[in-house]
Amino acid sequence: MTHAYPRKITLRARDVGCDRGGAAIVRGVDLTVSPGEAVQLFGANGAGKTTLLNLFAGHLRAAEGAVSWRINAGDWTPSRPAQSILFITHTAPMKPALTALENLLFWARSYAIPAQQERETVHGALEQVGMSAHAEMRAGKLSAGQRRRLDIARAILAKREVWLMDEPAAAIDAKGAEMVGAIIAGHLAGGGIAIAATHDTLGVASRKLVIG
Amino acid sequence: MIFARALLTRDLGIAMRSGGGWFYAIMFFSVFAALAGIAIGPELNALASAAPAINWLAAAFAIQLTVADTFEADFRDGSLGILAAEQESLFPYFLAKTMLVALTAAAPMVAASPVVMTMFGVAPEKLFGAAVLLAIGAPALVLTALFAAALTAGLRAGGLLAVVIAAPFLAPPLIFGVLSIETYIDQGVFWSPETLILAALSLFMSVLAPPFSVIALRLGLE
Numbered sequence: 008m009t010h011a012y013p014r015k016i017t018l019r020a021r022d023v024g025c026d027r028g029g030a031a032i033v034r035g036v037d038l039t040v041s042p043g044e045a046v047q048l049f050g051a052n053g054a055g056k057t058t059l060l061n062l063f064a065g066h067l068r069a070a071e072g073a074v075s076w077r078i079n080a081g082d083w084t085p086s087r088p089a090q091s092i093l094f095i096t097h098t099a100p101m102k103p104a105l106t107a108l109e110n111l112l113f114w115a116r117s118y119a120i121p122a123q124q125e126r127e128t129v130h131g132a133l134e135q136v137g138m139s140a141h142a143e144m145r146a147g148k149l150s151a152g153q154r155r156r157l158d159i160a161r162a163i164l165a166k167r168e169v170w171l172m173d174e175p176a177a178a179i180d181a182k183g184a185e186m187v188g189a190i191i192a193g194h195l196a197g198g199g200i201a202i203a204a205t206h207d208t209l210g211v212a213s214r215k216l217v218i219g
Numbered sequence: 554m555i556f557a558r559a560l561l562t563r564d565l566g567i568a569m570r571s572g573g574g575w576f577y578a579i580m581f582f583s584v585f586a587a588l589a590g591i592a593i594g595p596e597l598n599a600l601a602s603a604a605p606a607i608n609w610l611a612a613a614f615a616i617q618l619t620v621a622d623t624f625e626a627d628f629r630d631g632s633l634g635i636l637a638a639e640q641e642s643l644f645p646y647f648l649a650k651t652m653l654v655a656l657t658a659a660a661p662m663v664a665a666s667p668v669v670m671t672m673f674g675v676a677p678e679k680l681f682g683a684a685v686l687l688a689i690g691a692p693a694l695v696l697t698a699l700f701a702a703a704l705t706a707g708l709r710a711g712g713l714l715a716v717v718i719a720a721p722f723l724a725p726p727l728i729f730g731v732l733s734i735e736t737y738i739d740q741g742v743f744w745s746p747e748t749l750i751l752a753a754l755s756l757f758m759s760v761l762a763p764p765f766s767v768i769a770l771r772l773g774l775e
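In the order they appear, the protein sequences are chains D and V. For the first sequence, our numbering begins at 8 and goes up steadily by one. For the second sequence, our numbering begins at 554 and goes up steadily by one.
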């Protein structure tokens, strides 16, 4: 499933610190993630793994230090490259009243997949995460693990270079976790980068960064 | 724009499904007006003179209550955070939500308003014009409500807070909305100064509400 990304994006954090509600949560994070590399964020509950992901996603500002980005061998800039981020939060953003297929069609459109290809692309992604049989089922009837699989299918649709993931394999069974690992491996092979906060193993060779 | 259309299509689909909210506003509007009529009593003159006020109050509250939790579902399931990270701007998101409220809450109410006004004994030839006046003021109501909802997105009991925040801002459209309908019914003047001010309020909110709401949504994600 390897999709070779035309842009190679590098993320660099220099001595980054982040506050929440006036309290220092994360301090002194030094990190460079080059194309094809995965970083796994470790740390106790509340250590600031999600906070750090939110910082990279642009929801928070760094209280100290700076995050910068580079496309190919270009200059470092503080702003995230346009349409480069895929964000997987700890909740799968699937609407219970819509079917699995309808949910993913919406996300496919949000990634500007052309209308003629959207159904084919979405069915392909559903197949990859083993959810083809449940395409017409409402998301409200799916289990937490199945909704998680849909969110992984969203990652396949997005074709974004930077995957920020909060517990990507949470609620997914052992075989599914292997599948998630394989999908992340494909993403890395295409030159993407991945940063994941997880207590489990990621299922793919990754650098460990302990926070807190 | 592709994104705004996709979001609007999705949300309309959800609103039309069972448990969706497309009829909440028109239900509230009709029930409020009917009960107000019962409370005022059978005196037709009293009913007719109360008609513009009841019409606007019912519309303002119906919109407030249906719009107050517009962003709540997207906030809770993480969609909003994901879209804020992945999309270049939240403007198309806000635009789609505004269209959604216009189509599922404001438009049905404007359509139902002649029925309510008839019930209150307004002359039949004035019904259409009165409904158009409601449509002219509706953007002010909708955008005020959406801005308040954006400010309180993600807060506990945010919906209630949104209603409290929006209340003072609803006074101008209520004052000029009621005056414009009264002038139209009593004197037959449609484009009265009151109507022009009402239209100006709608335009004012159309310009101010979107950027500030987008900022408010982003702050809510921090």
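Hints in this document: simulated from the structure, not taken from any laboratory. Predicted, not measured: the structure shown is a model, and the values here were computed from it. Treat the hints with care, since some could be wrong.
[What the hints assert, rightly or not] If you want the ones that stay clear, here's a sample from chain D, every Cβ over 10 angstroms from chain V, calculated:
(1) W76
(2) H97
(3) A165
[Stated by the list, open to error] 20 angstroms max Cα-Cα, derived SDA-like pairs, lysine to any residue:
(4) D:K148 <-> V:A568
(5) D:K166 <-> V:E641
(6) D:K148 <-> V:I567
(7) D:K215 <-> D:L195
(8) D:K166 <-> D:D37
(9) D:K166 <-> V:A568
(10) D:K15 <-> D:P88
[Unchecked claim] Only part of the chain D face toward chain V is listed, based on derived beta-carbon distances under 10 angstroms:
(11) V40
(12) E44
(13) G65
(14) R77
(15) I78
(16) T84
(17) S117
All C-beta atoms in this analysis are idealised placements derived from N, C-alpha and C, irrespective of residue type, glycine included.
Structure-based check of all given hints:
no., hint, result
1, W76, "holds (14 angstroms)"
2, H97, "violated (7 angstroms)"
3, A165, "violated (7 angstroms)"
4, D:K148 <-> V:A568, "holds (18 angstroms)"
5, D:K166 <-> V:E641, "holds (16 angstroms)"
6, D:K148 <-> V:I567, "holds (15 angstroms)"
7, D:K215 <-> D:L195, "holds (16 angstroms)"
8, D:K166 <-> D:D37, "violated (27 angstroms)"
9, D:K166 <-> V:A568, "violated (30 angstroms)"
10, D:K15 <-> D:P88, "holds (11 angstroms)"
11, V40, "violated (16 angstroms)"
12, E44, "violated (20 angstroms)"
13, G65, "holds (6 angstroms)"
14, R77, "violated (19 angstroms)"
15, I78, "violated (16 angstroms)"
16, T84, "violated (15 angstroms)"
17, S117, "holds (5 angstroms)"
Comparing the model with each numbered hint stated earlier shows that hints 2, 3, 8, 9, 11, 12, 14, 15 and 16 do not hold.
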